[in-house]
Amino acid sequence: MIPAVQIDDLAFSHPGDTTPTIDGLSLTIPTGESVAILGPSGAGKTTLLTLLDGRLRRWQGRVSILGLALDPDAPPPLSRRADSGFIFQEFALVERSTVLRNVLNGRLGRMGVLRALLGRPSAHDLSVARAAMTDCGIADLANRRVDSLSGGQRQRVAIARCLAQEPRLILADEPISNLDPARATEILTLLTHAARKRGATTIFTSHQPDLARRFADRIVGLRNGRIVVAAATADLTEDATAALYELNDAARAPQLQVIS
Amino acid sequence: MGRRGYGGYAAGALVAGAVLWSLVTSDMDPSRLLSAGPRIADFLGRMLPPDPSVMKEIIQGSAETLRIAILGTLGAVILSLPLAILASETMVPAAVHRPVRMVLALIRAIPLILVAMLMVGAVGLGPLPGIIAIAFHATGMLAKFYAEAVDGVSRAPIAALESAGAGPLLRLRHAIWPQVAPVIARDTIFRFELNLRESLILGIVGAGGIGFYIQTYVRSFQYDKAASVTIAVIVMVIAIETLNVALRRRFS
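If you read the protein sequences in the order shown, they are chains D and H.
Mapping of the first sequence onto the numbering used here: position 257 corresponds to residue 257, and the numbering continues sequentially without gaps.
Mapping of the second sequence onto the numbering used here: position 184 corresponds to residue 184, and the numbering continues sequentially without gaps.
Derived by calculation from the structure, the hints in this document are not laboratory data.
Be aware that one or more of the hints could be misleading.
Here are some chain D residues pointing at chain H (derived, C-beta under 8 Å) [said to hold, decoys possible]: (1) Asp53; (2) Arg81; (3) Phe86; (4) Phe88; (5) Ala92; (6) Leu93; (7) Val94; (8) Arg96.
Note that the structure is predicted; figures quoted are calculated from it, not measured.
Backbone N, C-alpha and C define an ideal beta-carbon position, used for all residues, glycine too.
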């Protein structure tokens with residue numbers, strides 16, 4: 001079976017930076033899995049997700065998404081972009097528009113151009129959007145304006161928009177940062193259930209090893225753009241688990257030696 | 001005492017000096033003010049009761065003023081849309097938006113009545129010079145407001161739609177337009193109200209509208225008719241303001 005993501009010897013530096021953000025990273029993610037990427041701030045988590053979404057240029061190495069190679073010098077064709085869905089940390093919603101409009105925006109890459117331009121979704125587009133809203137528990141908010149919603153509700157709109165896109169790969173950037181444990185559990189349950197139901201592969205970044213171990217089939221620990229730990233959650237050794245918990249601590253005390 | 005204290009005294013002295021200079025050099029004879037009283041009373045007396053026989057002129061004049069404001073605003077919108085892009089800090093380099101913004105500031109600095117007088121000289125009497133003057137004058141403000149609307153667009157939803165597979169045209173339609181359109185609508189309504197108020201006086205310089213009748217009746221000492229027209233103007237301004245408050249709430 002073709003893996004959802006295949007990364008070989010990937011390297012990337014932000015323009016003007018002396019140290020690379022991603023430094024010789026290789027990783028294979030099987031289709032249908034739920035994967036957590038752990039690591040301190042600045043480890044390269046968001047950069048990696050953005051790159052996998054086809055929105056970064058000028059990197060080195062080889063990256064294949066769903067069996068098709070990404071071009072480091074050109075954005076992927078629009079038809080392929082809809083296959084990977086991105087859930088933004090700050091939600092990136094159109095504030096003045098309604099919940100339904102925002103969720104339907106996820107369908108834009110799946111509709112005919114004329115339908116998309118006129119804002120006339122088909123019955124199928126509407127039913128996919130409504131199913132996504134139901135799965136996210138916001139079906140009754142369809143006609144509310146996004147700028148009248150709470151932070152938690154907006155996050156659900158952002159997730160529903162991604163689901164409406166019918167992506168085969170879901171990339172979620174810090175979906176549970178700043179959430180209390182109960183809310184975080186709720187969101188990860190919702191996200192992983194909806195993804196499994198649709199047969200999509202999910203990659204999410206996080207700072208919380210406990211929840212990552214509970215919800216991910218596979219865990220990747222990242223520091224300074226390199227993989228420190230990578231294993232199926234079931235196969236995590238005691239040392240590897242300890243290393244995951246130390247990732248965030250190490251960020252606070254950078255003089256500590258890397259454990260590998 | 002600090003430097004700020006001395007600065008305060010200097011500013012106070014400057015203001016006092018300016019006021020004194022104005023008082024002394026303006027030929028303000030108190031006896032003229034006293035003798036004006038009876039004349040003002042006489043003036044007001046002759047305005048009452050307002051003469052309702054000028055209804056036809058009022059309707060004609062109001063309709064023309066309304067037409068000038070509508071077409072002047074339309075002209076300003078058409079001029080402002082491309083100029084707003086050129087005045088935007090996020091869409092074009094500084095070498096473009098700086099000079100464009102300077103020109104817009106210059107346009108705003110020219111009083112409407114002056115533009116109208118020049119236009120009457122250029123294209124003759126009637127509503128046409130009024131329309132041109134309003135369109136020109138309003139563009140100075142409207143293009144600046146539109147540019148600010150464009151610059152205020154949040155980038156995040158644009159990236160989100162790109163990620164979802166939407167091309168540039170769809171991103172413009174579904175991420176940028178919903179953010180910009182209500183602001184443009186609100187700014188345009190606001191400018192229309194200003195245009196209507198300002199176009200009321202255009203008739204005084206022969207640039208069309210209801211102002212022409214006020215001018216004519218005052219000059220021929222028909223104060224009762226002038227009063228009727230003035231009441232019509234007040235009613236019109238209150239009506240348009242009420243309408244605008246309602247409309248603007250819709251575009252918040």
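These are the hints, each one checked on the structure:
Against a cut-off of 8 Å between C-beta atoms, the interface hint on aspartate 53 (chain D) holds, since the closest Cβ of chain H lies about 6 Å away. With a least beta-carbon distance of about 4 Å to chain H, the hint placing arginine 81 (chain D) at the interface is held under the 8 Å criterion. Taken as an interface hint, phenylalanine 86 (chain D) checks out: its beta carbon lies about 4 Å from the nearest beta carbon of chain H, inside 8 Å. Contact between phenylalanine 88 (chain D) and chain H, as hinted, is supported at the beta carbon level, the nearest pair being about 6 Å apart and thus within 8 Å.
Nearest Cβ of chain H to the Cβ of alanine 92 (chain D): about 4 Å, under the 8 Å cut. The hint holds. With a cut of 8 Å, the hint placing leucine 93 (chain D) at the interface with chain H holds, because the nearest CB-to-CB distance is about 6 Å. The restraint placing valine 94 (chain D) at the interface with chain H holds, with a minimum CB-CB distance near 5 Å, inside the 8 Å limit. Hint on arginine 96 (chain D) holds. Least Cβ distance to chain H is approximately 6 Å, under the 8 Å limit.
The structure meets every hint from the earlier list without exception.
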